[in-house]
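**Student:** In this note's numbering, the protein residues as written are 1 to 337.
Keep in mind that a hint or two might mislead.
Below, in silico cross-link-like pairs of lysine to any residue (SDA-like), each with a Cα-Cα straight-line distance of 25 Å or less [unchecked claim]:
#, residue 1, residue 2
1, 263, 230
2, 49, 88
3, 263, 227
4, 49, 311
5, 263, 306
6, 49, 90
7, 263, 234
8, 263, 305
9, 49, 16
10, 49, 100
11, 49, 306
12, 263, 241
13, 49, 273
14, 263, 154
15, 49, 321
16, 49, 74
17, 49, 250
In short, the hints are calculated from the structure, not lab data.
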Amino acid sequence: MSTARAWTVREGLPRLTSAPTAPVENALDGDTRLIHVRYAGLCGSDLPKLHPTWNAPVPDPWFPGHEIVGLDALTGDWVTVDPLVSCRTCPDCEHGRTHLCRRLQRIGWDLPGGLAEAVRVPSSNVVRLPALRDHAHGVLADPMAVAVHGVRCGLRARSGRLGVIGSGALGVCTAVRAAHAGWDVHLAARSPARISQLRDALASLNIDVHHRTLPNCDAVVDAASGHDDSPLRQAVAAVRDGGVVLVQNAYAPRVTLSLPLRKLFSRSITVRGSFSYCRADGHDDFRDALVLLARGGAWADLLTHDRYPLLELPSALAAMRRDSPNRPAKVLLTSNI
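Please put together the full structure from these sequences, using the hints given.
**Tutor:** Structure representation (structure tokens):
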């Protein structure tokens, strides 16, 4: 590919431009691969940053997209990309806590991302896809890795009743991972239109889907959209005394907790953050996520159903507006499909 197109964001507005497919000079790994992108997921954490109303810094220029599936230009294999580029030498990296690396770079943020026809990434971050029913399911590796990490590292118990707040990709992936781990999972969704879809997609895993409310739970995961603190307040209200609230929510800047701290700590509730994913304790959350995705399921079809050509990013963003009546759980951009 002599030239490739990519979306970049300057001054809060997405623009189509040329993709930076030359060697990645500032990558921590000098050996790189060119990936011909076929599917790129729009992550919920990126959506608000793709609008002019975002009121916090972004890279300038910013080439977004960290949920990438494509063809390795060298081998021709279908691959996905682990977006976390760690230094491998700091104390956190030596213990597998790559998400806490002091020199961490992220593809789709610090390094060029996959909302493009092609992207060049460190070779060590290229992961061959397992046998998936649909290659597009590979874009779920990142949210599923966040879910794997949260359930494995963030929850003290190994079973019980678990509430999940949020019906986007992260919420659904967390519910699926927890169900496979033996939890009795209850998912709270805000959109009435999505309830029946989720119930059908998650029926085989015996996950109960509720409209907004949750029963009393041993632990609650906040995996919602963090425009205000209502998901975290709901999680605290739904968890039992002595339980755990796990926050996976990427809250917007300046969101603060309005709940009186006395109400929180007098109940001996543990509130724990779960950021990204890692390779600690003999696990690799990203690759473990791919193993889980290989099992497939109607839930993966639901999360990858809505697809737009790469050039139609504005239409995809319009579909994902919070006030859109038929807002999908997730959208994908496709290139040369």
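**Student:** Next, verify each hint and record whether it holds.
**Tutor:** Hint by hint, here is what the structure shows:
1. Simply put, residue 263 and residue 230 have alpha-carbon atoms about 15 Å apart, close enough for the 25 Å limit, and the pair holds.
2. With a CA separation close to 29 Å, the supplied pair residue 49 and residue 88 exceeds the 25 Å bound.
3. About 22 Å separates the Cα atoms of residue 263 and residue 227, which keeps this hinted pair within 25 Å; it holds.
4. Taken as a hint, the residue 49 and residue 311 pair is honoured in the structure, with Cα atoms around 18 Å apart against an allowance of 25 Å.
5. For the hint linking residue 263 to residue 306, the alpha-carbon distance of about 41 Å lies beyond 25 Å, and the restraint is violated.
6. A distance of roughly 30 Å separates the Cα atoms of residue 49 and residue 90; the hinted pair therefore is violated under the 25 Å criterion.
7. Of the pairs offered as hints, the one joining residue 263 and residue 234 holds, with about 13 Å between alpha carbons and a cut-off of 25 Å not exceeded.
8. Annotation: proposed proximity of residue 263 to residue 305 is violated, straight-line Cα distance about 42 Å (limit 25 Å).
9. A threshold of 25 Å between alpha carbons decides the hint, and for residue 49 with residue 16 the separation of about 16 Å falls inside it, so the pair holds.
10. With a C-alpha separation of about 23 Å, the suggested pair residue 49 and residue 100 falls inside the 25 Å cut-off, and the hint holds.
11. With a CA separation close to 20 Å, the supplied pair residue 49 and residue 306 stays within the 25 Å bound.
12. Distance hint between residue 263 and residue 241 is fulfilled; the C-alpha atoms sit about 11 Å from each other, no more than 25 Å.
13. A distance of roughly 22 Å separates the Cα atoms of residue 49 and residue 273; the hinted pair therefore holds under the 25 Å criterion.
14. Restraint check: the Cα-Cα separation between residue 263 and residue 154 comes to about 22 Å, which is no more than 25 Å; the hinted pair holds.
15. The straight-line distance between the Cα atoms of residue 49 and residue 321 is roughly 12 Å, inside the 25 Å bound, and the hint therefore holds.
16. A distance of roughly 33 Å separates the Cα atoms of residue 49 and residue 74; the hinted pair therefore is violated under the 25 Å criterion.
17. Straight-line distance between C-alpha atoms of residue 49 and residue 250 comes to about 12 Å, which keeps the hinted pair within the 25 Å bound.
Hint violations for this structure: numbers 2, 5, 6, 8, 16, all remaining hints satisfied.
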